[in-house]
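Enquirer: Below are the chains, spelled out letter by letter.
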Amino acid sequence: MSTLTVAGIGSPLRGDDGIGLALVAGLAPTAGVVCAQWADSDALDLAHHLLQCPGPVLLVDCAEMGLAPGDWRRFRLHPAAEARLIAHSRSLSTHGLGLAEALAIATQLGLDVSVQAFGVQPYRLAHGGLSEAMQARLPQLQQALAETVAQLVGLPADHAQEA
Amino acid sequence: MNDKTYTIEVDHVTRVEGHGSIRVSARDGRVEDLTLSITEANRFFESFTEGMSPHEIPWIVGRICGICCVGHQLAASKAVEAALGLTVSAQSRRLRKLLNESQILQSHILHVYFLAVPDYVGVPSVLPLIKTHPEVVKRALALKHLANEFTRVIGGRALHPMANTLRGWRKLPDLEALEGIRENLFTALPDLDASVGIVADLAVPAFERETEYVSLTHPDEYALYDGEIYSSDTRETVPVADYRRVTNEFTVPHSTAKYARWHRESYMVGALARVNNNYSQLHPKAQEAAERLGLRVPCFNPYMNNAAQVVEIVHCAHNSLAMLEAVLDEGLVEEDIGYTPGPGTGAGAVEVPRGVLFHEYRFDDEGRCRGADAVIPTSQNINNIERDMKAFAPRMVAEMTRDEVTLHLEMLLRAYDPCISCSVHLLDVEFIP
Chain E
1 MSTLTVAGIG
11 SPLRGDDGIG
21 LALVAGLAPT
31 AGVVCAQWAD
41 SDALDLAHHL
51 LQCPGPVLLV
61 DCAEMGLAPG
71 DWRRFRLHPA
81 AEARLIAHSR
91 SLSTHGLGLA
101 EALAIATQLG
111 LDVSVQAFGV
121 QPYRLAHGGL
131 SEAMQARLPQ
141 LQQALAETVA
151 QLVGLPADHA
161 QEA
Chain C
1 MNDKTYTIEV
11 DHVTRVEGHG
21 SIRVSARDGR
31 VEDLTLSITE
41 ANRFFESFTE
51 GMSPHEIPWI
61 VGRICGICCV
71 GHQLAASKAV
81 EAALGLTVSA
91 QSRRLRKLLN
101 ESQILQSHIL
111 HVYFLAVPDY
121 VGVPSVLPLI
131 KTHPEVVKRA
141 LALKHLANEF
151 TRVIGGRALH
161 PMANTLRGWR
171 KLPDLEALEG
181 IRENLFTALP
191 DLDASVGIVA
201 DLAVPAFERE
211 TEYVSLTHPD
221 EYALYDGEIY
231 SSDTRETVPV
241 ADYRRVTNEF
251 TVPHSTAKYA
261 RWHRESYMVG
271 ALARVNNNYS
281 QLHPKAQEAA
291 ERLGLRVPCF
301 NPYMNNAAQV
311 VEIVHCAHNS
321 LAMLEAVLDE
331 GLVEEDIGYT
341 PGPGTGAGAV
351 EVPRGVLFHE
361 YRFDDEGRCR
371 GADAVIPTSQ
381 NINNIERDMK
391 AFAPRMVAEM
401 TRDEVTLHLE
411 MLLRAYDPCI
421 SCSVHLLDVE
431 FIP
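Protein chains in written order, with the working numbering: chain E, 1 to 163; chain C, 1 to 433.
Treat each hint with caution, since some may be false.
To be verified - In silico SDA-like cross-links for lysine to any residue, where the CA-CA straight-line distance does not exceed 25 Å:
hint	chain 1	residue 1	chain 2	residue 2
1	C	LYS138	C	THR187
2	C	LYS171	E	ASP40
3	C	LYS131	E	HIS78
4	C	LYS138	E	GLN116
5	C	LYS138	E	LEU109
6	C	LYS4	C	ARG296
7	C	LYS171	E	ALA39
8	C	LYS131	E	GLY98
9	C	LYS138	E	SER114
10	C	LYS171	E	PRO12
11	C	LYS131	E	CYS53
12	C	LYS131	E	LEU77
13	C	LYS131	E	ASP45
14	C	LYS138	E	ASP112
15	C	LYS138	E	CYS53
16	C	LYS138	E	ALA36
17	C	LYS171	E	LEU109
18	C	LYS285	C	ASP201
19	C	LYS171	E	LEU13
20	C	LYS131	E	ALA36
21	C	LYS138	E	PRO12
22	C	LYS131	E	PRO54
23	C	LYS390	C	LYS285
As the list claims (entries may be wrong) - Far from chain C, by Cβ distances over 10 Å, these chain E residues were calculated:
hint	residue
24	CYS53
25	GLY110
26	GLN142
27	ALA144
28	GLU147
Stated by the list, open to error - Label-pair ranges, simulated between beta-carbon atoms:
hint	chain 1	residue 1	chain 2	residue 2	range
29	E	ASP71	C	THR401	52 to 60 Å
30	C	ASP28	E	SER114	58 to 66 Å
31	C	GLU265	E	GLN52	46 to 54 Å
32	C	GLU56	E	GLN151	28 to 36 Å
33	C	ASP193	E	ALA136	48 to 56 Å
34	E	ASP71	C	ARG157	27 to 35 Å
35	E	ALA126	C	GLY85	15 to 23 Å
36	C	ARG368	E	THR3	51 to 59 Å
37	E	SER114	C	THR340	56 to 64 Å
38	C	GLU325	E	LEU13	47 to 55 Å
Honestly, the hints are just simulated from the structure, not real lab data.
Here the structure is a predicted model, which is why all the values come from computation and not from measurement.
Idealized CB from N, CA, C, for every residue including glycine.
All chains, full assembly: derive it from the sequences and hints.
Expert: This is the structure we're talking about:
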């Protein structure tokens, strides 16, 4: 299997928006995995980063998913979103470019690896670092991310628990 | 109603920063009314600085904009330093010039490739452009990433960098990382050359209107960081401290952004104004680029502002390479950046991607901010843009279809690369003691 890139995205200065960066920073070294911190990347920079990835990508980020704060989900980011974006592309401005647009741009430019997301529902998005509640939740989330990474690179489940 | 009687309402114009609308009424091939409305809500940034300590201000007002955050930070730094009589070393001045040029590179690359070029190849945004011109977009992404990295290495972050403060750098850039930027910038020169070729092939609308071109000018260099205010009309300079004599801001009912005028009814700032005013000081490679782009000064075609941005991309790349080499040769040393807060009033100016930016601050005896003013390039340009539209629209309406008129008016607005969010940062705020 080709190298898995695990990338934290978000802002470390916007409360729980920095959870992806914190989780990836705490990920133990794993064979076949490259960790990256794409803090404060705009959509164009994100597209550039994605195009440099040698294999599948797991983006770790804060995500509004309608879940209880601190809950997480892994989901596949679907290229179909791209077609919808292009249909509405006349309304795009630099302020309107986000993760979906970054994926659309990278996909059109030849990104052909699987891109998944490990999303964490935030408690608080105000200025400052991670919320106290999110900091308390970090150990479980780190374990969940380690298990997810182990699964994606085909390692046995107990590896993640050791990590 | 016939095909020359119609109303155009573009609400709001896309691929610009912020919200602006264009409204044109045409009857029997004649323009009856045209307005450029700025509808963005005021943001009252200057009032945020009330009571702040001097060193806090540059970081706070940098948040006026995510595109030109460096410019706001630098103009504010210079203004506060002028107010308090603080000096800046040659090393810090060079780092600030590098930081400013890195942001100009970022912004110009973003605007030329992702916001302006789609108009010229007949697609509505960068996304369809990827299908027809993938190599162009890949090149643009790589250049934009390089410029982001440039800002990050010099300033500590690509967005809202925090390393610069009053008098100098809180944390000096890593020399190894600077060497990496120098290498990557050098490697990117062929891509910049290709950029010139791409833009040179675009068909630029042939509309001209002479106006007053205003920029900084400096006796020793192409003025981007330092200089006095220069007018193409008088060919004379005005000290930055007297910037209000230049901007003469006023309001109009249909805009939340202020308007400006100096020696005539409006003036233009930005890349084209700078190239017009300071052409002889451009890097020779940038002058070559201007020739390839058909940009001969003085140029009175505002659509050529995009070509002027490409010229400045080339200039900033070569000038930054020279400055990086000087930094790497001489090394960097930690400096005393201490200061004592106190009373005073001072103004600062810097050329940012969209034109000359002015900041001014007033401090009380305890060094607390008691007055602030920022005059933004787009505020200075809006009046000129509207007058361009009014000058060009009659010919457009007579010669073009309604859709073509709409496109050309949008293109004209976009050619100025307006930052409308910046332009409505406030209406005057006088602090109440």
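Enquirer: Hint by hint, work out which the structure violates, then give me just those numbers in ascending order.
Expert: Checked against the structure, the hints that fail are numbers 6, 17, 20, 21, 23, 25, 32, 35 and 38, while the rest are satisfied.
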